[in-house]
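Now for the letters of each chain:
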Amino acid sequence: MVEEDILLPTQLLPGGVEGARDRVNGLLDRLGLEARRGAYPRTLSGGEKQRVAIARALVNEAPLLLANEPTGSLDPERGREVTMLLHDIARDEGCAVRSLMSVGHTRPIPPWSLLTALTMWIAGVAPVLGQEPDPVERGRAIAEEADARSRGFGDYRVRMTMVLRDGRGREAQRELELWVLEVSAAEERSLVRFERPPDIRGTELLTYSYDDRDDEQWLYLPALRRAKRISATGRSSPFVGSEFAYEDLVRSSIEEYRYRFIAEEELDGVRSFVIDRYPTYEGTGYSKQRVWIDRAEYRVVRIDFWDLRGRELKTLVFRDYERYLDEFWEPGEAVMSSRVTGASTLLEWTGYQFRTDLTEGQLSRGALGRPNE
Amino acid sequence: MSSTGVAVLIVLAGAAGAESQDVHGHVAAELRLFPSDPAHSRQPDTYNFSFATELAYERGIGDGLVFRGIAFGRVDEHDPERSRVDLNQAVLQFTRDALAVDVGVHTVFWGVTESRHLVDIVNQIDELEWIGSDRRLGQLMARASYHIGRFGSVELLGATAFRPRRYPGPRGRPGVPAEVRYGDTEYEAGLGRWHPDVAVRWSHAVGELSGAASVFVGTAREPELIPGGTGEPPVLQPQYALIRQGGLELQWTHGDWLWKGEAIVREGQGAAFAAVTFGFERTIYGVLGSTSDLAVFLEYSHDGRENLTLNIHDSDLFGGLRLLMNDFAGTEVSGGALTDVDSGATFAVMEATRRFGQRWTIELLAQLFSASDPPDPLYWFRRDDHLQTTARFFF
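Going down the list, the sequences are from chains A and B.
Going by numbering that gives the first Met the number 0, the residue at position 30 of the first sequence is 29; the numbering climbs one at a time, nothing skipped.
Going by numbering that gives the first Met the number 0, the residue at position 382 of the second sequence is 381; the numbering climbs one at a time, nothing skipped.
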């Protein structure tokens, strides 16, 4: 039965099975398995089986959870659900999920791998039957984890300063205020309001980003007091003359790229995953991006960009990450450098404020041009 | 009213101790150069200087309440009509959740098309800046808009203290070679300038479609200019009718294409009539492998009115281009021409803007008028082709 199955690993604990009953009840509830407590495994659906496996992995309060293809036998929809659940619960339970990798089944499992799995099992860690993972799935899994960790902030406001340097060393500044609101899991809104240079002061750009359909964008022109719906497809165009393109600054959804895991390596002393991602959305100016994501916190530390002709175009480096709400890592600055012209843009974020009770009304076309109090 | 407003602005600007207040604006020096001799001896021969300034003030009062003021003033070397002060905004703006309320002198824009703003009716057009300018005069109003989520937004508006339309004078270039008798302006409304105008507008956006429907009841913003006397210069008397106007705006935003249309039906100015403007805007991003974006515009306008005074849109085609360089200096170049399909009369505008340093911009504007028949309003300006340079300093 489900309950006994979950209790199995607790036989190794000093408190034994009885000491773990409360925890099992909590997990059953959290995973929506309350009603299936007495069910036999063969009567469970695929998703339920995976949830039981998650509960079993978590019952020992393991500090580290290595999951072996937790979504492998599920359809993509259910798979995403299980992935999200796993991360949510792991986070709440104070358990780190690392290398959420999928394992290829094509090659035989070498004996040492079973030995490692057994050792880990005894150590109270859920087993992993490690193999050379499929680089496509692993790349995507890393991107999914980084994405999942950056969601759930609710809303934030931040001031952005850009220092633009062209190839000849001339400088210009841009200052703007950015508001971001998570409307739902699949919709995010952002409002950019320019303050400098003064000739574009008061210009606003409102974007509704959807995971499952095209974005919507409005531009407010203060001189004409006019809010204009604009095409949201010009993503490759430079943002106010900087080295950043619009597509570098808007939130991207997981589905907008194909991924490939390349390596793990040290970058400036930070142990990082290196993944390549290939944009699949229309209007991009890139054929490929190579992304370094730090292993410990899944923060993007560097991105290299290749243009549509396959030439190396730009490098973006993020620095001075700080943690907000004990959960969200945000960079203090980023530098985008052109490999072609020698121009660069320094972008600084200051005065982050999270959960400021922004409303959909404040980020709507009717609010364009109104005071932003 | 305007000069009082400016005084109020300046006093408010000096008020100390507000939690969030902010003064900014610009000063501009403008030079117009005319390659041809003027049609009228009173117009300037080869050049005209003018200076303008705009001062904006914003002050947060708290509890979702903000005061905003914008005053504009111009001094012109030759044309006394162009020398004036306009209180463009002096408005208390209140926002709470889905409700937004504005009370005071304010500017509101309605519409989607580029070459003609048919539906836009709340604010008077400022014809004194330049012919075809998008600038509007401030209008005293009370306005409330409410966002009803899935059903779009509704806006209710009441306005009074009508701002009559002013034209560049006989000494201006371009200028109207007639004496417009503003003092003898006639209003159909019994209360004259103080007649209350009301309007309601519903707007909505669903996916790639966005649109709005509006109704306006009140004094027309467009006067009829009635010729009087036989002297020289001719005399024109403005008459403002009471009208009812229904307006529709629609835009389909599909990929790089924006398909836009506006239509109105109006009654009260002679026989009821309809007018439409429709067309597209297409943007080519990264044109020719550069980082520039090129937008192409094509629009057609038809106006069903029989007698048109100062209306150049009876059956017109507009084509235009706008190049955004996306560079350091925010360089922007645009050009367009509006041609009357029947008479061939054409009005062409070319514009270029560039930023210098952080606080300066320089704008170039060329206007060309071509019309051979006296009834066409462009005929007035047939010799007023000019190149205008404006240097603007922002503070």
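Derived from the structure by calculation, the hints contain no laboratory data.
Mixed in with the good hints there might be a few duds.
Here's a subset of chain A near chain B, in silico, CB distances under 8 Å, partners left out [said to hold, decoys possible]:
| # | residue |
| --- | --- |
| 1 | R29 |
| 2 | G31 |
| 3 | R41 |
| 4 | T42 |
| 5 | L223 |
| 6 | S230 |
| 7 | P278 |
| 8 | G350 |
| 9 | R354 |
| 10 | P370 |
Rough simulated footprint, nothing fancy, chain B against chain A, three-plus residues with beta-carbon under 8 Å [said to hold, decoys possible]:
| # | stretch |
| --- | --- |
| 11 | 163-170 |
| 12 | 196-206 |
Quick reminder that beta carbons are idealized off the backbone N, C-alpha and C, glycines included.
A quick look at each hint next to the structure:
1. R29: 33 Å, violated
2. G31: 30 Å, violated
3. R41: 45 Å, violated
4. T42: Hint on T42/A: violated, closest Cβ of chain B at ~42 Å, above 8 Å.
5. L223: Since the shortest Cβ distance to chain B is 5 Å, the answer is holds.
6. S230: Because about 5 Å separates S230/A from the closest Cβ in chain B, which is inside the 8 Å limit, the hint holds.
7. P278: With a minimum Cβ separation of about 15 Å from chain B (threshold 8 Å), the hint on P278/A is violated.
8. G350: 15 Å, violated
9. R354: At 17 Å from the nearest chain B Cβ, R354/A fails the 8 Å test, so the hint is violated.
10. P370: 4 Å, holds
11. 163-170: Holds: 3 residues of the stretch 163-170 of chain A have a Cβ under 8 Å from chain B.
12. 196-206: holds (count 5)
Checked against the numbered hints listed earlier, the structure breaks hints 1, 2, 3, 4, 7, 8, 9; every other hint is satisfied.
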